[in-house]
Amino acid sequence: MITGKVHKFGDNINTDDIIPATYLVTTDEKELSKHCFETHSPGFNKKAEKGDVIAAGENFGCGSSREHAPRALKGLGISCVIAKSFARIFCRNAINIGLPIIECPDAADGMDEGNTVEIKFEEGMLYNKRTGDRYRFTPYPEFLHRIISAGGLMKYARRKAKNV
Amino acid sequence: MGLTITQKILSAHCGGGEIEPGAFIMAEVDFLLANDITAPLAIKEFEAFGAQKVFDTSRIALVLDHFTPARDIESAQQCKLVRDFARKHNIRYLFQEGKGIEHALLPEEGLTLPGELIIGADSHTCTYGAVGAFSTGVGSTDAAFAMIEGKVWLKVPESIKFIYHGELNPWVSGKDLILYTIGDIGVNGAGYCAMELCGEVIEKLSMDSRFTMANMAIEAGAKNCVIEPDTVTAEYLKEVPAVEGRYGLNCKSDVDAVYKQVIEYDAAEIHPQVALPSSPANVKPASELSSINIDQVVIGSCTNGRIGDLRTAAEILKGNKVHEYVRLIIIPGTEKIYLRALREGLVETFIEAGGIVSPPTCGPCLGGHMGILAKGERVLATTNRNFVGRMGHPESEVYLCNPAVAAASAIKGEITHPEGIQRGSSLAL
Ligand code: SF4
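Going down the list, the sequences are from chains F and D.
For the first sequence, this note's numbering assigns the number 445 to the initial residue and increments by one for each residue that follows.
For the second sequence, this note's numbering assigns the number 339 to the initial residue and increments by one for each residue that follows.
With the rest of the complex left out, here is chain F:
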């Protein structure tokens, strides 16, 4: 279970918004996080605290394939991204690096900046502590669940390699 403060974003947040291309000269998550949302929401990196959650609209993470985007969010300590929908590559990158994401349009709509949300992944339940609203989301399909519960694709691969 995680509990975090909500930062609200709109539709079609692209990977250039999350981390502008000019900073892609490093692979360090902490370094990347310093420029997270730099042009889109200046000061976000200062405002965001460890454990915080992002609630966004449609097509979150569209644009380039840069894994630096979910890594910048992870580096910042973001514990989960809730959105109405995700862009495909962002979605797989988040899963592959072990950043939890939840597709839940009602919750994404129902949460406002500064709300506190409680997320129970196993139960597929989101709870907005400010409003008292509860939202259900579909747990990950079995295949993805195995990757996520391993902590990402490489850890999944290692686990598999050990079993063989």
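If you're looking for bench data, these hints aren't it; they were derived computationally from the structure.
Please note that a few of the clues may not be correct.
[To be verified] Computed beta-carbon distance windows for the label pairs:
no.	chain 1	residue 1	chain 2	residue 2	range
1	D	690	F	493	33 to 43 angstroms
2	D	680	F	594	48 to 58 angstroms
3	F	485	D	393	34 to 44 angstroms
4	D	544	F	485	35 to 45 angstroms
5	F	562	D	436	50 to 60 angstroms
6	F	549	D	690	16 to 26 angstroms
7	F	594	D	353	19 to 29 angstroms
8	F	606	D	393	10 to 20 angstroms
9	F	606	D	358	38 to 48 angstroms
10	F	446	D	388	25 to 35 angstroms
[Claimed, not checked] Negatives, chain F to chain D, calculated, CB over 10 angstroms:
no.	residue
11	452
12	532
13	553
14	554
15	569
Using N, Cα and C, we set each Cβ at its ideal position, and we do this for glycine too.
With the hints as your guide, set chain D with the ligand onto chain F.
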């Protein structure tokens, strides 16, 4: 029940059998690529995993094209890291600075074939659907996993069929067809789906234009884009080098294949298009725009930096001069394209018109280098994305169009339809 070309290719790469949309598969990869931005992260994961060797040294391309020739110390370090890794592991396809932009380069080298499954740590990897491959963009961790295992996990997509009827209007190319399509369906209109392009228009379309269309499928949220290989594809493949061990496979969709949606367009309705800031779906016909002054024009990128694109631009620029308030930057997509442009006299035409010809690089397309915008500046580019700050300052603006509109507008100093520009005379303005 019939299968789409996308289902057939995926099935052939995971042991055969019918696979339904929505199913998760672990598929064999025929080829994979990463670039100077995404490879370093993949290499970091590869090494953290403790992998000793790559699954196949001849099925990986590492392309140094984004911030190259290195724009600063950090990018030089990134390139060095990739170079060292490639040499250590004997990677056959290390394409160094200036060889070309990945998605223009790999098809030209014969490395993307029909029926293959290709992944790339770059979102525009969907470009190779133009030759009838299943190709899709993935992340760096996917690339690391594939470098080790030769595999990728995929969710089988549903397909949307796009049929283009009729004849193309003058100055209309693949860029306009795809911009029009994205304008119609939106930036997530093909979300998670395969876009299958067909119809008389596509059958007659040049490979250059097909690449442009497939390239931008990701701007509609698509997973991949695919065009059935035909005689145009076959002619094209005759010209590219044969690669040992790579044969490709011609697949066609069954007549009773199931589609999520079928969308039809009449090409007569489609005129040269411009995508206004800050979304590739924000399109308008060029003829409806007036008095949009521009500071810079960029003709190049993996979308429109092929020889056909440069020829079109040169045809318009020949004997004309670039407007005194405009900087025109032309970037041939690969070294081979650059050489052809030189031999055909196109480079001379560009320079005489007042343009700047850059070596092949992604450069300004992603706001990297070689033409970054200042605050308040406006660029008209043949690239594929016009997000906020994509090519420079967050308060600069990016407009997207085809090479003809770009060249004509560079002469006029404002966004214009090419028909008003006469060869060898700027008086027609
Ligand atoms: S030219 Fe632009 S879109 Fe194409 S690979 Fe380079 S940065 Fe990406």
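How the hints compare with the structure:
no., hint, verdict
1, D:690 x F:493: 33 to 43 angstroms, "violated, 58 angstroms"
2, D:680 x F:594: 48 to 58 angstroms, "holds, 52 angstroms"
3, F:485 x D:393: 34 to 44 angstroms, "holds, 41 angstroms"
4, D:544 x F:485: 35 to 45 angstroms, "holds, 43 angstroms"
5, F:562 x D:436: 50 to 60 angstroms, "holds, 53 angstroms"
6, F:549 x D:690: 16 to 26 angstroms, "violated, 56 angstroms"
7, F:594 x D:353: 19 to 29 angstroms, "holds, 23 angstroms"
8, F:606 x D:393: 10 to 20 angstroms, "holds, 19 angstroms"
9, F:606 x D:358: 38 to 48 angstroms, "violated, 32 angstroms"
10, F:446 x D:388: 25 to 35 angstroms, "holds, 30 angstroms"
11, 452, "holds, 18 angstroms"
12, 532, "violated, 6 angstroms"
13, 553, "holds, 17 angstroms"
14, 554, "holds, 21 angstroms"
15, 569, "holds, 24 angstroms"
Comparing the model with each earlier hint shows violations of hints 1, 6, 9, 12; every other hint is respected.
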